[in-house]
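Here's the letter readout for the chains.
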Amino acid sequence: MSAHFDLVVVGAGPAGIAAAIAAARAGRSVALVDDNPAPGGQIWRHGAHLPAAARKWLVELQASSVVPFYGWRVIDHPAARLIRAESGADCTDLQYDRLILATGARERFLPFPGWTLPNVLGAGGLDAMVRGGLPIAGKRVVVAGTGPLLFAVAGHLAARGAKILAICEQAQLGHLASFARCLLSDPAKLFQGAGYMLAARGARLHTGCWPVAAAGTTQLESVTLCQGSRKWTVACDYLACGFHLAPNTELAQLLGCRTAYGFVVTDDLQRTSVTDVFCAGEPTGIGGVELALIEGQIAGLAAAGKLRDAQSLVPRRQRKLGFVAALRESCTLNPSLRNLADEDTIVCRCEDVRHAALRGRASWRDAKLHTRCGMGPCQGRICGVATEFLFAWHADSVRPPVLPAMVSSLASPGPTRNQPASLSAETAISAHSKETP
Amino acid sequence: MSEVWDVVVAGAGIVGAACAAECAGLGLRTAVVEAAEIGGGATAAGMGHIVVMDDSPAQMALTHYSQTLWHALSPHLGPAVEYESCGTLWVAVDDQEMDEVRRKHRVYASAGITTEILDSHSLAEAEPHLRQPLAGALLVPSDGVLYPPCAAACLMEQAQHNGARLYAPRRVVFARAGTARLDDGTELHAAHIVLAGGADTVQLLPELPIRGRKGHLVITDRYPGMVRHQLVELGYLKSAHSVTTDSVAFNVQPRRTGQILIGSSRQYGAEDSAVDHEILAAMIDRTRWYLPDAGSLSAIRVWTGFRAATPDKLPLIGPWPGDETLILATGHEGLGITTSLATARLVADHLLGRKPKISIEPYLPERFSRSLAHA
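Chains as they are written, first to last, in our numbering: chain A, 78 to 514; chain B, 3 to 377.
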């Protein structure tokens, strides 16, 4: 199976939705690809009580000519202007004139003793499970890590009846104050933030505080928190952890887009260093929903050739950039967090690699080759983000598939091609032929 | 800075690490220079088989000798090396290839290697996921697989334990007349400099008859027990033997982790390390022809690497005619993991003037002296 579109948008979160709608309105044929079964991304996840603005975007998307590929994960870029996606046992090639990457971000986890116990979850992960039907009413939850996501998650869980015992923000109060000043300059965000705080009422906010250990026999029973020299243990059912976000740049890297400081580099019109490839939202800098929506619209318009319209939105984007910087500053991790793991703490969950095995390794590649860290099915997405902070390692180059894929999808899309591989001893490959014998 | 050693080994891939372990173990004062990770080049990119190959008598002698050295070493390899004595099945699709199975059986027997001929039924029992029916196979029980980067690290540790010094990350930028100059200006002086840099050795000796031969591999998620032996199609040698055409051959391995390693491809003239989707597709199609269930397995990574290939498919082991202080240990193409230990032993024999257990003659670099003379 193969299809051609003027524009393919990867990622159906706010940035991707805005981009797809803007381009479709400009008359382009648009495919919107996302591995989740419904649009919305992590933030507007299906089943949520969505804000009115989100519902408006989703309704508009539904009414548009955008062709949905929900439940499809992009796995490879096998040829120019072509991406390959998989859904269950199906595989398809999507050809494009222009490509918009709106691949979002994932949570950053830091290893500490007990972090692999059942019911120690990502903050966003627990939030998504609750939206998916996990009963949380009456459960005791500790939320820990850094960044505004903690408040959003705490607020939502509290609204669903969870008992939020503590919100532990690793940043010191001073850092948060400057962040709050930034919020004051942005009434929409302030309103959002206040709403979260109200919803999470009863929860105690601790700043300069983080978990040092989680304990339990078969699953989480308690978490030990520290704040300065004070340490105390809280009995709880869930620990929701998130140490801010890491951008999903793997596909951009596979395509050859230039990155700097871990983010995809774009110009004012969201163009990457690769011709006809655009990028919008968190992969260009963690900035939240409003910025993602603006960047998505700019990318969609620019990719559709509406450069003047795209340009007219640039000042709005510029005004939001202060938020990106303030967020970055407030979420800067305290260096003490590097010392949370003891030598037995697992760092790479896929391959069970412990902290002691990684100490003294020269590089990410050295660790991969000699300890298998990052070699499992998550391809280093979780431990690579952690070791970047713990050891200042940088991930090596991205290779296909960008996500684990069926072996058959590496060969060709569509139904099984069971043709030999002629039985002659050699299968000669002509350099100019698309045919394989 | 200037230092004096008995031997300097340039490169800590599997061959360099083996040479270092051998030399240091003999009491030679040994320095090793590695530009990146231990076993991080072609060693990390390869499959890691310990196989006897009968492409030529010289290849058979070297692979067989080296395999006996691996067998002796295997109890001392740590668990990270993942040595598995899984055996190889050379798979025949038709009567013509069964003739080849019988021929191979005789050749291995004449070398003292026990093999077993499997008929179609026994093959299907031994490997239920293979295509059925196939004509049969030759089982070589003494073959095995290991995880090469950790094997190299294990040999390097052994070398360091015996006093070898590792310079890393450092690159040898010049090597002549008993002097190796490193990229930081350090000069290491030694009676002999072993050049074990794989295909990169041409950066030090551009006249060497070595070319990079690109290969692709795919590793899957864990499917313990799905494949029990290393599986190779009988066409493999013909594929590996071609020196002009791009080719693919069916070759899969069970790893101790339960993962399945899928190969193989061979390309000349490809300098770019990017995955070539066309040859990858041909490789996968061939794999699925032999192992139909392979298509639905989850692939985690695809990567490429460059084998150091010589025109006659045999490595370069021994002194370089232009400067006898330089000892070559390169050009092993796809057999560097297997033949590393024998290479190291032959190098040590040469350095000490001992009589080697097998003749070094077929591997001596001087066999290319006509082309080297124009250096």
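These are computed hints drawn from the structure, not numbers from a lab.
Since the model is a prediction, treat every value here as computed from it, not as a measurement.
Certain hints may be false.
What the hints assert, rightly or not - Have a look at the derived ranges for each label pair, beta carbon to beta carbon:
(1) B/Asp-96 / A/Gly-209: 29 to 39 angstroms
(2) B/Arg-178 / A/His-81: 22 to 32 angstroms
(3) A/Thr-295 / B/Asp-96: 50 to 60 angstroms
(4) B/Asp-186 / A/Ser-474: 53 to 63 angstroms
(5) A/Ser-474 / B/Thr-70: 31 to 41 angstroms
(6) B/Glu-5 / A/Pro-412: 37 to 47 angstroms
(7) B/Gln-134 / A/His-81: 37 to 47 angstroms
(8) A/Ala-292 / B/Gly-80: 27 to 37 angstroms
(9) A/Thr-295 / B/Ala-111: 49 to 59 angstroms
(10) B/Pro-294 / A/Ser-79: 16 to 26 angstroms
(11) B/Thr-70 / A/Pro-195: 46 to 56 angstroms
(12) A/Thr-295 / B/Ser-300: 26 to 36 angstroms
Don't be surprised by glycine CBs; every beta carbon is placed ideally from N, CA and C.
Quiz item: Against the structure shown, which of the earlier numbered hints fail to hold, in ascending order?
Solution: Numbers 1, 2 and 4 - these are the hints that the structure violates, sorted from lowest upward.
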